[in-house]
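The sequence shown begins at 1 in UniProt numbering and counts up by one.
Hints listed in this document are in silico derivations from the structure and should not be mistaken for laboratory results.
Everything numeric in this text was worked out from a predicted model, so none of it was measured.
Worth double-checking, as some hints may not be accurate.
Between beta-carbon pairs, the in silico distance windows are [what the hints assert, rightly or not]:
{"no.": "1", "residue 1": "Asp132", "residue 2": "Arg152", "range": "43 to 53 Å"}
{"no.": "2", "residue 1": "Gly205", "residue 2": "Lys136", "range": "17 to 27 Å"}
{"no.": "3", "residue 1": "Pro22", "residue 2": "Phe81", "range": "47 to 57 Å"}
{"no.": "4", "residue 1": "Arg218", "residue 2": "Ala98", "range": "14 to 24 Å"}
{"no.": "5", "residue 1": "Asn82", "residue 2": "Arg141", "range": "44 to 54 Å"}
{"no.": "6", "residue 1": "Ser160", "residue 2": "Pro22", "range": "39 to 49 Å"}
{"no.": "7", "residue 1": "Ala35", "residue 2": "Ala98", "range": "22 to 32 Å"}
{"no.": "8", "residue 1": "Asp47", "residue 2": "Arg148", "range": "39 to 49 Å"}
{"no.": "9", "residue 1": "Gly54", "residue 2": "Arg218", "range": "48 to 58 Å"}
{"no.": "10", "residue 1": "Val107", "residue 2": "Arg206", "range": "18 to 28 Å"}
{"no.": "11", "residue 1": "Glu102", "residue 2": "Arg227", "range": "12 to 22 Å"}
{"no.": "12", "residue 1": "Ser243", "residue 2": "Lys62", "range": "17 to 27 Å"}
{"no.": "13", "residue 1": "Leu127", "residue 2": "Asn82", "range": "19 to 29 Å"}
{"no.": "14", "residue 1": "Gly205", "residue 2": "Ala38", "range": "40 to 50 Å"}
Keeping only pairs whose Cα atoms sit at most 30 Å apart, straight-line, the calculated BS3-like set for lysine-lysine is [claimed, not checked]:
{"no.": "15", "residue 1": "Lys238", "residue 2": "Lys219"}
{"no.": "16", "residue 1": "Lys136", "residue 2": "Lys36"}
{"no.": "17", "residue 1": "Lys84", "residue 2": "Lys238"}
{"no.": "18", "residue 1": "Lys62", "residue 2": "Lys36"}
{"no.": "19", "residue 1": "Lys53", "residue 2": "Lys238"}
{"no.": "20", "residue 1": "Lys84", "residue 2": "Lys62"}
For glycine and all other residues, C-beta sits at the position ideal for the given N, C-alpha and C.
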Amino acid sequence: MASPSPDTQVFNTIEVLRGRQPMPRGSFLDHLPAAKWALFVAIWGSDARTYLKGAELPLRPKDTHMYVVLGGCVVQERFPFNTKIARFRGVGQVLGEAKLIEPRSSVRTVCLTTTWVLPCDTRRVNLLLTQDHEAKRALLRSLEDRNRSDERIYATTSRSPLARVSALLHHLAMVAGTRDPAGPTGHTTIDGPRQRDLAEALLLGRSTVENAVATLRRKRLIDSRYRRLVVTDLPALKALVTSQS
């Protein structure tokens with residue numbers, strides 16, 4: 001279910017639309033120059049939408065838009081050879097970019113929390129990219145960074161389950177986490193993903209992920225609740241990920 005007006009109590013809409021909100025490193029909006037982002041907002045800003053948790057973004061073969069995530073978190077799912085492949089995407093990233101090449105491409109994309117997106121007509125985006133090399137470079141760089149990040153997080157099967165779960169949680173905290181200015185220093189809340197979602201994304205058993213989460217809880221690095229994970233010490237979690245890489 002989509003809403004035409006973003007919830008200003010959830011998202012810092014003015015700062016985001018004016019390009020003043022820091023974006024996750026390596027994301028499309030991190031690479032895109034401020035002047036180019038202003039162009040995107042001028043063209044598509046009035047079309048910004050919020051989707052509720054559990055809603056599926058319109059990325060079916062017949063749909064003609066790609067999306068830029070302005071707030072929230074989604075999971076993208078593909079099913080090659082009857083195997084589910086899941087990837088989490090967060091703020092600043094593009095969704096449905098394959099439609100720029102193959103208009104009828106599709107990917108199941110489900111919101112894990114209330115998610116604010118900017119729909120962009122792919123035909124107009126293609127025209128813009130052919131004329132604006134800075135925007136094109138930003139998109140290509142973000143896709144390369146995303147591929148590298150996916151390799152580090154999802155494809156390092158030789159690492160221990162604790163290392164893999166820690167790396168994914170740190171990634172989610174950086175791209176989809178929210179920090180409470182009034183809360184304890186270093187506390188970052190990740191809403192939406194369940195431990196089952198983490199297990200599916202990492203192709204690990206659910207009990208294996210539960211054991212890793214329990215270990216991180218004992219180390220006082222996270223606090224797990226229903227559909228909510230709170231990273232209580234982000235620097236320490238990053239140090240743990242680095243030490244096990």
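Here's how the hints hold up against the structure:
1. Asp132 with Arg152: 43 to 53 Å: violated (30 Å)
2. Gly205 with Lys136: 17 to 27 Å: violated (42 Å)
3. Pro22 with Phe81: 47 to 57 Å: The hint (47 to 57 Å, Cβ to Cβ) is violated, given that Pro22 and Phe81 are roughly 39 Å apart.
4. Arg218 with Ala98: 14 to 24 Å: violated (42 Å)
5. Asn82 with Arg141: 44 to 54 Å: violated (34 Å)
6. Ser160 with Pro22: 39 to 49 Å: violated (32 Å)
7. Ala35 with Ala98: 22 to 32 Å: holds (27 Å)
8. Asp47 with Arg148: 39 to 49 Å: violated (31 Å)
9. Gly54 with Arg218: 48 to 58 Å: For Arg218 against Gly54, whose Cβ atoms are near 31 Å apart, the range 48 to 58 Å is violated.
10. Val107 with Arg206: 18 to 28 Å: The hinted range 18 to 28 Å holds for Val107 and Arg206, with Cβ atoms some 24 Å apart.
11. Glu102 with Arg227: 12 to 22 Å: violated (34 Å)
12. Ser243 with Lys62: 17 to 27 Å: Given a distance of about 48 Å, which is not inside 17 to 27 Å, the answer is violated.
13. Leu127 with Asn82: 19 to 29 Å: Violated - the Cβ-Cβ distance for Leu127 and Asn82, about 38 Å, lies outside 19 to 29 Å.
14. Gly205 with Ala38: 40 to 50 Å: Given a distance of about 47 Å, which is inside 40 to 50 Å, the answer is holds.
15. Lys238 with Lys219: Since the Cα atoms of Lys238 and Lys219 sit roughly 13 Å apart, the hinted pair holds (cutoff 30 Å).
16. Lys136 with Lys36: OK: Lys136 and Lys36 at ~10 Å, within 30 Å.
17. Lys84 with Lys238: It holds: about 28 Å lies between the C-alpha atoms, which stays within 30 Å.
18. Lys62 with Lys36: Holds - the C-alpha atoms of Lys36 and Lys62 are around 28 Å apart, at most 30 Å.
19. Lys53 with Lys238: The hint holds at about 28 Å.
20. Lys84 with Lys62: holds (23 Å)
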